[in-house]
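Here is how the chains run, residue by residue.
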Amino acid sequence: EAGVTQFPSHSVIEKGQTVTLRCDPISGHDNLYWYRRVMGKEIKFLLHFVKESKQDESGMPNNRFLAERTGGTYSTLKVQPAELEDSGVYFCASSQSRQTGELFFGEGSRLTVL
Amino acid sequence: GDSVTQMEGPVTLSEEAFLTINCTYTATGYPSLFWYVQYPGEGLQLLLKATKADDKGSNKGFEATYRKETTSFHLEKGSVQVSDSAVYFCALYNAGNNRKLIWGLGTSLGVNP
Chain A
7 EAGVTQFPSH
17 SVIEKGQTVT
27 LRCDPISGHD
37 NLYWYRRVMG
47 KEIKFLLHFV
57 KESKQDESGM
67 PNNRFLAERT
77 GGTYSTLKVQ
87 PAELEDSGVY
97 FCASSQSRQT
107 GELFFGEGSR
117 LTVL
Chain B
53 GDSVTQMEGP
63 VTLSEEAFLT
73 INCTYTATGY
83 PSLFWYVQYP
93 GEGLQLLLKA
103 TKADDKGSNK
113 GFEATYRKET
123 TSFHLEKGSV
133 QVSDSAVYFC
143 ALYNAGNNRK
153 LIWGLGTSLG
163 VNP
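From first to last, the protein sequence lines are chains A and B.
If you use our numbering, the first sequence corresponds to residues 7 to 120, in order.
If you use our numbering, the second sequence corresponds to residues 53 to 165, in order.
Errors might be hidden in some of the hints.
With a straight-line cut-off of 30 Å between C-alpha atoms, the simulated DSSO-like cross-links for lysine-lysine are [unchecked claim]:
#	chain 1	residue 1	chain 2	residue 2
1	A	K21	A	K84
2	B	K108	A	K50
3	B	K108	A	K47
4	B	K129	A	K57
5	B	K129	A	K21
6	B	K104	A	K50
7	B	K104	B	K120
8	B	K120	A	K21
9	A	K57	B	K120
10	A	K47	B	K104
11	A	K47	B	K120
12	A	K50	B	K112
The hints are simulated quantities; they were obtained by calculation from the structure and are not laboratory data.
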């Protein structure tokens, strides 16, 4: 069974540019999450999808971040325009259960904004 | 709000040494507690968990006991191996509160042969 896959694994962009990160969850997992780890800080929750609906987006930093989950399958996280403080590792995770801390994570997408 | 405080690293040990990584938490109600691990070049993966007080989670020789009286969930292993070199994260999930994983800073462990 394929795990959670994310790409790109690493993206380097200039400030002001746009980047789109993609996540493919484990097949059959209705719950999809985005987390972010900025260097030197804790991993922070960004948002939670249940199928195609945003269940909780309280962690999204600002309106430069847009997450979508087309048809309840894969998800994209777009940052537009990127700022220096957006640099970090973006983790995607999925789960079958809606209320659980037991998540299956991808390898993460490292974003570097210069 | 809920929070997790984790021993800072990096920690460097020799093979077969005893490992303890301290983790304490602050939370309302009865959270579940987790240790996740990230091996080099890989994603985060669940190492072990405990869902109620006095539960002991264990996996791959690692153990952690949910201590409500000390609000702690320390990770231990009696004899580490080089392959245990990784970053270890303590986390809590509070279904009665914010319903998202709250993380510690992570502790980098290096084990020398």
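Evaluated hints:
Using a Cα cut-off of 30 Å, the hinted pair K21(A) and K84(A) holds, with the two alpha carbons roughly 14 Å apart. Only pairs whose Cα atoms come within 30 Å are accepted, and K108(B) paired with K50(A) is accepted, the gap being roughly 26 Å. Proposed proximity of K108(B) and K47(A) is supported: the alpha carbons are some 28 Å apart, at most 30 Å. The suggested pairing of K129(B) with K57(A) is violated, with an alpha-carbon distance near 39 Å, which exceeds 30 Å.
A C-alpha spacing of about 44 Å is found between K129(B) and K21(A), which places the hinted pair above 30 Å, so the restraint is violated. With a C-alpha separation of about 24 Å, the suggested pair K104(B) and K50(A) falls inside the 30 Å cut-off, and the hint holds. Using a Cα cut-off of 30 Å, the hinted pair K104(B) and K120(B) holds, with the two alpha carbons roughly 9 Å apart. With a C-alpha separation of about 46 Å, the suggested pair K120(B) and K21(A) falls outside the 30 Å cut-off, and the hint is violated.
Under the criterion of a C-alpha separation no larger than 30 Å, the hint pairing K57(A) with K120(B) is inconsistent with the structure, at around 35 Å. With a C-alpha separation of about 27 Å, the suggested pairing of K47(A) with K104(B) holds against the 30 Å cut-off. The hinted pair formed by K47(A) and K120(B) meets the criterion: a straight-line CA distance of about 26 Å does not exceed 30 Å. A distance of roughly 27 Å separates the Cα atoms of K50(A) and K112(B); the hinted pair therefore holds under the 30 Å criterion.
Hints 4, 5, 8, 9, counting from the list given before, are not met by this structure.
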